[in-house]
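Participant: Given the coordinates of chain A, work out where chain G should sit on it, guided by the hints.
Number of protein chains: 2
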Amino acid sequence: MSHQELEEGIGLDLDFTKLRKVANCGADVLPAVAQDARTGEVLIVGYANELALETARETGMATFWSTSRDELWIKGTTSGDYLQLEEIRVNCEQNSILYRVVPAGKGACHTKNREGVARSGCYYRRLRDDGSLEFIDPEQV
Amino acid sequence: MSHQELEEGIGLDLDFTKLRKVANCGADVLPAVAQDARTGEVLIVGYANELALETARETGMATFWSTSRDELWIKGTTSGDYLQLEEIRVNCEQNSILYRVVPAGKGACHTKNREGVARSGCYYRRLRDDGSLEFIDPEQV
Chain A
1 MSHQELEEGI GLDLDFTKLR KVANCGADVL PAVAQDARTG EVLIVGYANE LALETARETG
61 MATFWSTSRD ELWIKGTTSG DYLQLEEIRV NCEQNSILYR VVPAGKGACH TKNREGVARS
121 GCYYRRLRDD GSLEFIDPEQ V
Chain G
1 MSHQELEEGI GLDLDFTKLR KVANCGADVL PAVAQDARTG EVLIVGYANE LALETARETG
61 MATFWSTSRD ELWIKGTTSG DYLQLEEIRV NCEQNSILYR VVPAGKGACH TKNREGVARS
121 GCYYRRLRDD GSLEFIDPEQ V
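Chains as they are written, first to last, in the working numbering: chain A, 1 to 141; chain G, 1 to 141.
Next up, chain A with everything else stripped away, as it sits in the complex (with noise of 0.2 Å):
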């Protein structure tokens, strides 16, 4: 499937192999999952290492390994669509990481929508009964 019907197409193709990947990524990380802090929208789960943890509690911005890339990901640095810092949560066990944000810029997601907007979040669409996809919101489509 084509990096374009990945991301707007209606078609199923989960990359089950994705943590294997990140495990082979070569630095330690853990699951970051960042939520606006005002609506309660699940924007993107990301990956980070002690030093993206350190940077976002210096910077006050969402920040991430980036595991494909293998480099530090400040959030919005090159988009200007900062997610800033509310406040880090841990989770029961300490192996992930809630960031939760205040979008700056227009979306957390790198992908827009039909009138070139950044859609605010990642998780976009839902599964349908059939296996297909379907957009949640028809203005991001």
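If you are wondering where the hints come from, they were derived from the structure by calculation, not from laboratory data. All of these numbers come straight from a predicted model, not from anything done at the bench. Take every hint as true, because none was put in to throw you off.
The list treats identical chains as one, so a pair stands whether inside a single copy or across any two.
For lysine to aspartate or glutamate, the following EDC-like pairs were computed, each having C-alpha atoms within a straight-line distance of at most 20 Å:
#: 1; residue 1: Lys-112; residue 2: Glu-93
#: 2; residue 1: Lys-21; residue 2: Glu-50
#: 3; residue 1: Lys-21; residue 2: Glu-93
#: 4; residue 1: Lys-112; residue 2: Glu-134
#: 5; residue 1: Lys-106; residue 2: Glu-7
#: 6; residue 1: Lys-106; residue 2: Glu-86
Facilitator: For chain G alone, coordinates are given in the frame of chain A:
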């Protein structure tokens, strides 16, 4: 740090090796976030393989792959605290899923507050500026 301190204490001791362990569990999994569809609370981050996703769709209950026990894990099977699925969302790159759920029991977390009640979700502590943790809700201590 003991299990008790990890879950009930205020000392930070994040396990950054988590995803390396996950990748070694033998199953191909991706992150699966469960969110309360009514309150927006992020309840738990687990992992799902193809079987877990299929089972979730068939049973209507949030289902994970337990990467520590290496077995299918329909959340609530032992505790009764099932997470009834409202919908399953998929992210832009199709490498993570979001379970939008309505908790059928008391809580989604396996930990309990001092009154012996399961906590609603796993993210009951926030990171303080001094690097220690604090409980977000005094009632959840």
